[in-house]
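Just need the whole structure built from these sequences, with the hints factored in.
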Amino acid sequence: MVLSSVPAEYYLLLSAAVFCTGLFGILTRENALMFLMSVELMLNAANINLVAFSFYWGTLTGQVFTLFTMALAAAEVAIGIGIILVLYRNFDDVDVTGPTTLRW
Amino acid sequence: MVTVAGIYAYAPAIAALPLASFLVALFAGRWLPKEGALAGILATGGSLVLSAVTLVELVLTGEGYDERLYTFVAPAETFDLGFGVLIDPLSAAMLVIVSLIAFLVHVFSLGYMNDEGEPGLPRYYAGLGLFSFSMLAFVFASNLLMAFVFFELVGLCSWLLIGHWYREAAPPSAAKKAFLVTRFGDYFFLVGLVGVLATFGTARFAGEGGFPAGPTPVSALIHAATMVAAGVFLLARMYGFYALLPTVLAIIAFTGGFTALFAASMAVVKDEIKQVLAYSTISQYGYMMLALGAGGYVAAFFHLTTHAVFKALLFLGAGSVIIAMHHEEDMWLMGGLKEEMRVTYLTFVAGSLALAGIFPFAGFWSKDEVLFETLVHGLGANPLLLGGYLLGLSAVFVTGFYTLRMVMLTFHGDPRTDAAADPHGVGWNVKFPLAVLGVLATVGGYLNPAPLAKLTGAEVDFLHRYLDGPASEELLTSAHHYGDLTHEWAGYTAGSVAGGETATMLGGAGLSLALALAGAGTAFVLYRGPDPDRHTEALGDLRTVLVSNYYQDEYQVWLAEGLTLRTAIAADTFDQGVIDGAVDAVSSVSLFSGDRLRRLQTGVVTNYAALIALSVLLGLAAFAVVGGWL
Amino acid sequence: MSRHWLLLAPAGAFLAAALALFVIDAVDRDTTNPTVLSAVATAGGVVAAVASAVLLLSNAVATPAELFGGQLVVDGMSLIFTFIFGSVTALVSLASLDYTRGLPFRAEYYLLVTLAATGMSLMASANSLAVVFVALELSSLPSYALVAYLKHNRGSVEAALKYFLVGALSSSILLYGISLVYAATGSLLFADVASAAGEAAATYPGVLGVGILLVLGGVAFKTASVPFHFWAPAAYEGAPAPVAAFLSSASKAAGFVVAFRVFVVAFPIDAVANPSTYAVDWVLAFTVLAVLTMTVGNFAAATQEEVKRMLAYSSIGHAGYVLIGLAALTGVGGVDAESTALGASMLHLLVYGFMNTGAFLFIALGEYWELGRTFEAYNGLAEDAPVACLAMTVFMFSLAGLPVGGGFLSKYFLVVGAVGAGVWWLGAVLAVNSALSLFYYSRVVKAMWIQPPAEDREIDGYPPALYAAIVTAALVTVLLLPGLAVFDGAAFDAAAGLL
Amino acid sequence: MLVEALIAVPLVGAAVVAVAPNEYAERLALGVSAVPLVGSLYMYLAFDGSGNALLGGDVAYETFFEWLTLGPYAVNYHVGLDGISLPLVVMTTVLTTLSILSAWTPIDDRQRQFYGLMLFMEAALVGVFAALDFLLWFVFWEAVLVPMYFLIGVWGGPRRKYAAIKFFVYTNIASLVMFIGFFALVFGLGDAVGSTGLPEIAQALRAGQLGALGLPGTGAAIPADVLALSAFVAMFVGFAVKVPVVPFHTWLPDAHVEAPTPASVMLAGVLLKMGTYALLRFNFTMLPEQAATLAVPIAAVAVVSVIYGALLALAQSDLKRIVAYSSVSSMGYVILGLVAYSYYGVGGATFQMIAHGLISGLLFMTVGVFYNATHTRMVGDMSGLADRMPVTASVFVAGAFAYMGLPLMAGFAAELFIFLGAFRSTVLPAAPLFTAAAMFGIVVVAGYLLWAMQRSLFGPFRLETDYDVGRAPVHDVAAIVTLVGLIVLLGTAPELLYDMMSDATVDVVEMGGELP
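Protein chains in written order, with our numbering: chain A, 1 to 104; chain B, 1001 to 1630; chain C, 2001 to 2499; chain D, 3001 to 3516.
I should point out that these hints are in silico values taken from the structure, not numbers from a laboratory.
Check before you lean on any hint, since a few could be wrong.
[Stated by the list, open to error] Listed below are the simulated SDA-like cross-link pairs for lysine to any residue, each with C-alpha atoms no more than 20 Å apart in a straight line:
1. C:Lys2151 to A:Ala17
2. B:Lys1177 to D:Asp3503
3. B:Lys1177 to D:Trp3451
4. D:Lys3161 to B:Gly1581
[As the list claims (entries may be wrong)] Listed next, with one range per pair, are the computed distances between beta-carbon atoms:
5. B:Arg1534 to D:Phe3461: 48 to 54 Å
6. D:Gly3157 to C:Thr2374: 39 to 45 Å
7. D:Ala3207 to B:Gly1006: 44 to 50 Å
8. B:Ala1074 to D:Arg3471: 41 to 47 Å
9. B:Leu1591 to C:Glu2367: 26 to 32 Å
Glycine included, C-beta positions come from ideal geometry on N, C-alpha and C.
Encoded structure:
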């Protein structure tokens, strides 16, 4: 098998890289949708771990849990899009740094 | 503890009667005839009778009385906090004197207050009643605590009476000052009281329970403390206690001598008749302290007695003059009153001669004995006493001077004002007390004519025998017991100049009499004639010093306002600024930091994300280091 | 077996209510009487609360009952928290009847509330990281929507946006943490994680450590602990007041129940933080978190101009107090002191569920009357609405820790726990903060009772349901002062059972 | 059950009064407050306890049942009275009734709320003095703050908001400090006690069962003696704020000046006594060794409070401020008596609590009566009031002299006992010097009170504010005269209270006898 020849650490590194990419996106992007995508990246980083180590430990738990997380991610996006829509309706923009009335 | 049934059981009533009159005057006064005066007269008259009877009883049975009346709180620890009655020669005699004077003052007040239509009479008589009550209870107090309690009440009464005319500005202020000064003394008194109680567990004056010996540091503190406050009577009352410390005795004596001269010198230049008398009183107290310090217990009490009589006489006489003068007190506005007011004049002169110590008036005998005791013990034991003696001796001259000056200015020469020309007459209620006291002032000296006793060997030194009588034996308050104490602890022994005791005595007597006459004579020469002029200017700057009482008032004012008030204000500033400032600072600082903290919430969601990420990283880094990952 | 199904009654009640609302709304969405909707949701909450109370006090779970192969567990703690969720849901749903009058999508509103409550009750019973994540999302997603309920109100929308974005970030952090823990231990079940933790900490300390920290971060978001609190002030201020009440009381409690169970059960401190096998000392982490949260929350609250925002910050401060329960697990005082602290945290959340909900519902009343948001807006309100103001006074003083309500006891229990665990200085920090909180809470009281009333204020009617909810909350808060005796034993036992 | 009645009647009464119509509130409140008054007097007459409630004496009117569990500790509802607490309870009921009476004139808005709060406060105060379980005691202790906050904040003077919040926060944080210190002790006792009952804890502590308290992280622990000492300090500071002792006193003048007369009366009369009562019950009953160790600093603080407080009073011109600061001074005597740790010291301190309660209450009430008539409290603004209000003025004179410790008034007895006890204290080094220093207070106190009286009561009548000053209403006069009567009664017959007090305090001192 190919997978078995790949050390577990690599998966960790990969997922870490993806996670950081997502984080970077969150910190830099002002567009709400980009923000959303970055979050998705981070979630998927977690999924990589789960799947990989599910194989590593030889249990299905991780993989099954991954299915849940994907579903939840989808739900989250749905809510997110909804909120972004009303955001656009009220502020005529999807810039997350735009609305700053609630502060201090 | 001696207990005698019978008459002594009624001793408390001596004080209780005036207390009753106080209550009557206070609550029912305004509906009574004379607004409480009669109640007061009856009460004090009753006290007078009772105390006279008590005195007789004491003399006849020769037994004293020392009974606990009331327990303040149960002596759970070693203290006994209680009130009691102590009847021994000293207190018995003193009771008579006090109640007599109280009685006469009440009578006199009828003329002085009622007839003048003063306001607030019930308040006045209530105060007077309370005063008599406190004074009498103070006299027969059986222990220091009780003495302190009633001493304080006396202070309260003087505050009330001095401030009687509270609607005017001056009297309240005077009352405040007087009370504050006594309060200052009371502080030391209290320290002494607490010290005595806490050290000896009891503060009884008489009997085995009395003050044990032992000059510990504490009892030194107590000596110092009580000495400041205790009046002459209290000094005598606690004589057994002071007798234990020679230095204290000598200091008392010297202070006494000094006071005698110091106060007398101020009396010389005063123009208000009452002020002259006031300062002469202080000076006479000096003599009594001198005697006590010099171990002349009997002499001191003798002088106390005679002085009480003739000074009361002089004050009442002054009062009668003041009535006559329509409440004018300045002697320079009087003059020539002797024609108009015979009784007052004669009695007043009797009192004055007694005060000046002219033979054969009461003052001569007592003052002479005081000086004699001082002299012999000074020669025999402690040279410091000689200093006291000289001071006292020189005071004799001054006394003679100011006394006669007072008489001359008031009664002799021509009237210097219309008021003096036709004085307002005074009634029986003024004359009667004057008459009584006048007689006593004249003959009072024969209570204890020690010189006669010594010369003739006749046992006429009644007072001495009385004070030494059996009644005081068991109570350990007898004169010779004190004599032994002073001899034993202070090493007092009688000495004499060449010619032996008698010569010393006669010499001393002659000397003092001569000085008194000299003083009186000087005054007579200076102030005789129809219109005497003020010679005090001759004194120059000294006069200013004397008139302003050696700047004592300035000094006290400085103490009160310059020092204490300044400190207080400084303390207040400090309190508001620093202490309270710190409190407020804490709150304002925390509010400020709170305001800073909420700025963290910028409102930009990206910043939030950044901060979250940052803090997660920080946490990771920290634990990476701590946990040694990687 | 039947017993086990019975144990799920609280969660079941929420779910049933949700489905019922779903059906009702599906049947006819136009002419539905709002009272029915509110009644159904309220009933769901009440049933849940009563059921959990009965189960709790009947001692049905003397031994924790595991269901679904250990994915869920029902024990004293889970029941205490379902009681909290139930009561809060009931109060909020009741109050919302008046608050949402005339607004669209009421059915969805109640539906979301009950669904979120279901999620929370699952969080209380979650016994595996997977369930934790799913349940947490189940409670979060509806909350996002609820905050945005007033979708034409910019504040509401902005609040929802921030809540959602921070929430999404945190949930991905949590998930990544879970994945790392899984990576290190090879399991998601708490029990297995705990047994594997020691070895994992020895072999891959980094992986496990990072995992635990990230999980901690995810939980900290839910409990609005500094520095994951940034969403809270915005969300509470912008959201409709009843929703704010729901989030600040119930949702916060849900976060804490997860924190308690995950860290105490899954990451035993002596396994993951003893010198030989050291991954991460999460007690220390929680200590830092507690201090930060208390201080930031209270100090920021002290200088607010708007009552609602002040309450938001104060609820952050209270999260800090509750964190002491975890920070006190130092092993010094022995199981006695630790169960004292942890039990005190639970009790505080319990009381907090009532007094804080009540406070926010009072704000809801203010919004209903359109008084305005600032302190001044409430000046002299006591003259127009004495009952409500008396209730608010009870809430404020109870929050501040004065003995007018149960908040007094629970807060001081926390101090006791801290002292017992040897972290007396945490108690001191609490002391300072609580004194400060007394200052800003009493500003509200001052406004209501002491300040002269504002002119031109007319109160249009006294909404019965809202009043009922507020008065109930106040009554329970007061009764919990002597009546804490009902729960304290259970709470301390639950804590002891957990440890 | 009598204690419960004493707490419940005012509590229920408060609720009733709070909803009663304003015009009946005052009389209703008076009627309600009469019930606990009579009750407490009956309890005083029927008192059959002996010894100290904390040290195994037999407690009167005791009630006990289980309330809460706090982790390993049982929290019980446990109340009862002994010779220390009963007099304080009686004083509370007396002063409450009288201050309600004195409120009739000045309080003219929101009466029902005002009187409701007064009654609520009475209930809490009785609880404070009666509680024998720490947590129960603490509930009442904190509950007292709430009514006082409103009384000052709603019915107070111009700076009332500042004063109220200052009082509120300051005393609150103090009690938290004290709370921590106390529970450090409780945990230090370990399994020696299974409850938060004060008697159990006190006896365990005096039996020397205090152990070490562990510290997190390192395996180290706080040794018992350090623990005890720091706990003592924490509790002392906590209570010192309430007393108040310099330098924690600054909330007091503000609170007093702003508070309405009845609140001032309760504040000075009873609330301050809570602090000294707690000091006696906790610090000096539970930790005698520490008290002895810290004797000198505490005595120093006491003396400073006496003199410094009196000096501050001397610098004031607001009658209320004068009385307020002199309270600081008088409370200093109490501390001195406590730290002396001798029979008369502690007993006298307890007696001074009552004496000062009555006397300061009297002075505040009288100042209030003057204020009702003149609408000013500034000494400079008025003079010769005695001319228009002779009775009130004479009462003020009586009160002032009582404050100066005039014999045959309560203050003298108290101060005499304290001085005696302090002078012969075996615990306090250089006791005579400390005592003599403290005694000097009697001179300063005379200074400012005489000054105030001379300026405001005597001399020709003058008033800056244009109000026509007439005689005070009967109920005001009745209230203050009653107090004068009580003060004289206690001053002439201190036995009335001192018997039971000394009986209760002697056990505290027992151990103090053979202290290091």
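Hint check results:
Restraint check for lysine 2151 of chain C and alanine 17 of chain A: the C-alpha separation of about 37 Å exceeds 20 Å, so the hint is violated. Restraint check for lysine 1177 of chain B and aspartate 3503 of chain D: the C-alpha separation of about 42 Å exceeds 20 Å, so the hint is violated. Restraint check for lysine 1177 of chain B and tryptophan 3451 of chain D: satisfied, since their Cα atoms lie roughly 9 Å apart, inside the 20 Å limit. Between the alpha carbons of lysine 3161 of chain D and glycine 1581 of chain B the distance comes to roughly 18 Å, so the proposed pair stays at or under 20 Å and holds.
The hinted window of 48 to 54 Å between arginine 1534 of chain B and phenylalanine 3461 of chain D is violated, with their beta carbons roughly 40 Å apart. Take glycine 3157 of chain D and threonine 2374 of chain C: their Cβ atoms lie about 26 Å apart, and the range 39 to 45 Å is violated. About 59 Å separates the C-beta atoms of alanine 3207 of chain D and glycine 1006 of chain B, a value inconsistent with the hinted range of 44 to 50 Å. For alanine 1074 of chain B paired with arginine 3471 of chain D, a C-beta distance near 43 Å keeps the hint of 41 to 47 Å intact.
At roughly 27 Å, the beta-carbon separation of leucine 1591 of chain B and glutamate 2367 of chain C lies within the given 26 to 32 Å, and the hint holds.
In this structure, the hints that do not hold are numbers 1, 2, 5, 6 and 7, in rising order.
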